[in-house]
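Undergrad: All chains, please: the whole structure from these sequences, using the hints.
Just so you know, we're using the working numbering here: the sequence shown kicks off at 1 and counts up by one.
In case anyone wonders, no lab produced these hints; they're calculated from the structure. Incorrect hints may have been included.
[Claimed, not checked] Think about it this way: if two alpha-carbon atoms lie no more than 20 Å apart in a straight line, the pair counts; the simulated SDA-like pairs of lysine to any residue are:
#1 LYS90 - GLN102
#2 LYS70 - GLN46
#3 LYS188 - LYS70
#4 LYS70 - SER219
#5 LYS191 - HIS142
#6 LYS70 - GLY303
#7 LYS191 - PRO91
#8 LYS188 - PRO146
#9 LYS70 - TRP45
#10 LYS188 - ARG165
#11 LYS70 - VAL203
#12 LYS90 - TRP189
#13 LYS191 - THR171
#14 LYS90 - ASP250
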Amino acid sequence: MAHAPTLDRLLHFLERSPTPWHAVDNMARRLDQAGYRRLDETRPWQLAPGERFYVTRNDSSLIAMQVPEKELGGLRMIGSHTDSPGLRLKPHPAVSGSDWLQLSVEVYGGALLAPWFDRDLGLAGRVHVRREDGRLQGVLLHVDRPVAIIPSLAIHLDREANNGRTLNAQTQMLPVMLQGGGEADLEKWLKRWLYEQHGLENVQLMDHELALYDMQRPSRVGIEGELIAGARLDNLLSCFMGIEAMLNSDGRQGAVFVANDHEEVGSASACGAQGPFLGDVLRRVHALLGEGGEDGWVRLIQGSRMISCDNAHALHPNFPDKHDAHHGPTINGGPVIKVNANQRYATNSATAAMFRDICREVGTPVQTFVTRADMGCGSTIGPITATELGVPTLDVGVPQWGMHSIRETAGSRDADHLIRALTAYVNRVELS
1 MAHAPTLDRL LHFLERSPTP WHAVDNMARR LDQAGYRRLD ETRPWQLAPG
51 ERFYVTRNDS SLIAMQVPEK ELGGLRMIGS HTDSPGLRLK PHPAVSGSDW
101 LQLSVEVYGG ALLAPWFDRD LGLAGRVHVR REDGRLQGVL LHVDRPVAII
151 PSLAIHLDRE ANNGRTLNAQ TQMLPVMLQG GGEADLEKWL KRWLYEQHGL
201 ENVQLMDHEL ALYDMQRPSR VGIEGELIAG ARLDNLLSCF MGIEAMLNSD
251 GRQGAVFVAN DHEEVGSASA CGAQGPFLGD VLRRVHALLG EGGEDGWVRL
301 IQGSRMISCD NAHALHPNFP DKHDAHHGPT INGGPVIKVN ANQRYATNSA
351 TAAMFRDICR EVGTPVQTFV TRADMGCGST IGPITATELG VPTLDVGVPQ
401 WGMHSIRETA GSRDADHLIR ALTAYVNRVE LS
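TA: Put into structure tokens, the structure is as follows:
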């Protein structure tokens, strides 16, 4: 099992991060406590060698950097993403019918829909309000009690329920929230929660980005606690491990951690991996501390490496035929190098060799995943970041079951395995 303090921190982070905005807020708090300085993208920056800083965009993406003590050379970059598939409220979500206030939802990303039924659902996200003095303000909302549920239809009324029935999110997955309620009731409760959490009174609700989430707490599972189960392991687990590695940095090398939003929907946004966020930050740092203009920029990027961390598909004991016979990663078997000849993952032999050597140095087991030749392959921020920056990149992740379910499962020892490797990476003198 992972060291208890590490696992306790992980479970707490998962529980308190129901949305990307909450995940970034919690990561920022840890960076603040560790002495990182928060920078504002709209203000001029001043940086010094050895300094540690972070910056956010859209409050849902974050970049943290350990500036090297000496010259700005090759950077040890770690990438992840803050978003997870799920159900998000539409702009006008209140639906009244059949004696119930229900919520009209939109499916975010490639969610497994069936596990959302019969769950105690909380509500969280970001709300923008207009205060009495005319100021617009964005605040986080976290209703951490069950306020909604999506009830199943009894099998007596649908005898084909266990025969692969297709689910219609528009008509069959509207959560029920309040008996006899309407739109005015929803607004009343949102304002009440804003008052309870932020002391906001007499505000006008201007807009919101709200999501439903499973109220069941993350937990250790198995006779010997071999597993952890919880929501949003993909990819908050990688966010947690990236922050842990940054906080373990000895400060001598240049290290960068980026947690992008919108990976689950293609990454094409101002704060997604296909957007300019990482490039904007690195170019500002290079302009302040680097050398050689554009030539120096290219040398900086080509001397750097990116490890894109996103969970991998573990060999499923009930469905072993879904994996290639020689590339089925096992739970608690160590981090997984993800390879795809068609560049769905950015790994090449050079970046894989570097990571294998790091794992050898710290005694961490390492595995490899390649999808079956007769199945499609997912992707990550790795190929996108490599394309946008030109940085040599590797895709790795810890193995898990049930990816994109409302509750996912991973190994309790694998977080420590990858944290140890990532820590050695950010402190490594030579990258090649």
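Undergrad: Run the structure past the numbered hints and jot down the numbers of the failing ones, going up.
TA: Hints 3, 4, 10, 11, 13 and 14 contradicted; others consistent.
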